[in-house]
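Please take these sequences and the hints and turn them into a complete structure.
Mapping to the numbering used here: the sequence shown position 47 is 1066, numbers consecutive.
Treat the hints as calculated values from the structure; they're not laboratory data.
All C-beta atoms, glycine included, are put in the ideal place defined by N, C-alpha and C.
Hints may be right or wrong, so weigh each one.
Below, computed lysine-lysine pairings styled on DSS-like, alpha-carbon distance capped at 27 Å [as the list claims (entries may be wrong)]:
id: 1; residue 1: LYS1173; residue 2: LYS1099
id: 2; residue 1: LYS1099; residue 2: LYS1161
id: 3; residue 1: LYS1105; residue 2: LYS1161
id: 4; residue 1: LYS1171; residue 2: LYS1161
id: 5; residue 1: LYS1105; residue 2: LYS1171
id: 6; residue 1: LYS1189; residue 2: LYS1171
id: 7; residue 1: LYS1101; residue 2: LYS1173
id: 8; residue 1: LYS1158; residue 2: LYS1101
id: 9; residue 1: LYS1158; residue 2: LYS1186
id: 10; residue 1: LYS1099; residue 2: LYS1157
id: 11; residue 1: LYS1186; residue 2: LYS1173
id: 12; residue 1: LYS1186; residue 2: LYS1171
id: 13; residue 1: LYS1101; residue 2: LYS1157
id: 14; residue 1: LYS1186; residue 2: LYS1161
id: 15; residue 1: LYS1153; residue 2: LYS1173
id: 16; residue 1: LYS1161; residue 2: LYS1189
id: 17; residue 1: LYS1158; residue 2: LYS1173
id: 18; residue 1: LYS1158; residue 2: LYS1171
id: 19; residue 1: LYS1173; residue 2: LYS1161
id: 20; residue 1: LYS1173; residue 2: LYS1189
id: 21; residue 1: LYS1157; residue 2: LYS1171
id: 22; residue 1: LYS1099; residue 2: LYS1186
id: 23; residue 1: LYS1153; residue 2: LYS1171
id: 24; residue 1: LYS1157; residue 2: LYS1189
id: 25; residue 1: LYS1153; residue 2: LYS1186
id: 26; residue 1: LYS1158; residue 2: LYS1105
Now the in silico label distances, taken between C-beta atoms and shown as ranges [stated by the list, open to error]:
id: 27; residue 1: SER1098; residue 2: ASP1123; range: 32 to 40 Å
id: 28; residue 1: GLY1155; residue 2: GLU1122; range: 33 to 41 Å
id: 29; residue 1: ARG1179; residue 2: GLU1121; range: 18 to 26 Å
id: 30; residue 1: ASP1156; residue 2: SER1098; range: 26 to 34 Å
id: 31; residue 1: HIS1180; residue 2: GLU1121; range: 21 to 29 Å
id: 32; residue 1: ASP1146; residue 2: VAL1176; range: 15 to 23 Å
id: 33; residue 1: LEU1164; residue 2: GLU1135; range: 33 to 41 Å
id: 34; residue 1: SER1177; residue 2: GLN1144; range: 20 to 28 Å
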Amino acid sequence: MTKKKSAGRTGAGFDGIFKGLGDLVEKLSDLAEKGEQLSRTNEFQLSEEGKGLKGVFGFSVKTGLGGKELKVEPFGNISKDKATGKPMVHELREPLVDVFEEEDHVLIVAEMPGIEAEDVQVEIQEDIMTLSAKRGDKKYRKEILLPGSFQKDKLSVSCRHGIVEIKCMK
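This is how it looks when you write it as structure tokens:
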């Protein structure tokens, strides 16, 4: 599987969120044919009641070879308020996570820039893993559905340059 990434920064607020997504349908078609992955990330500064907020958003589109299993996974700290329909910036970021099922283990890989191994906390309850980390103003949290139940004492966690790897032994 190959990985294509595009990143950008803008100060134009929410207008920047949608910029560059016009060609998404065409790229998805290409991805479906090749079985590739596309990721887009963007961030911008917001001022709200005297405090500066950083909005980070992105998505990852994954397809299986031959156009099977299209999966779009959002990540970041921006969501839509259900009551007002307006975008909201949260203090917690949702990291981009991949789950790989291997013969003797399941490998979870999470992108958490600015995080070190000692910052990572893992809770597991049956087949739900809660991954969280905090360092300075970087705060992450994600619930991950695992392909089975695992014991916490059979997990190993490592982190290098903000890439967290969790190995769950079967």
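Please name the hints from earlier in the document that this structure breaks, with their numbers sorted from lowest to highest.
1, 5, 7, 22, 24, 30, 33
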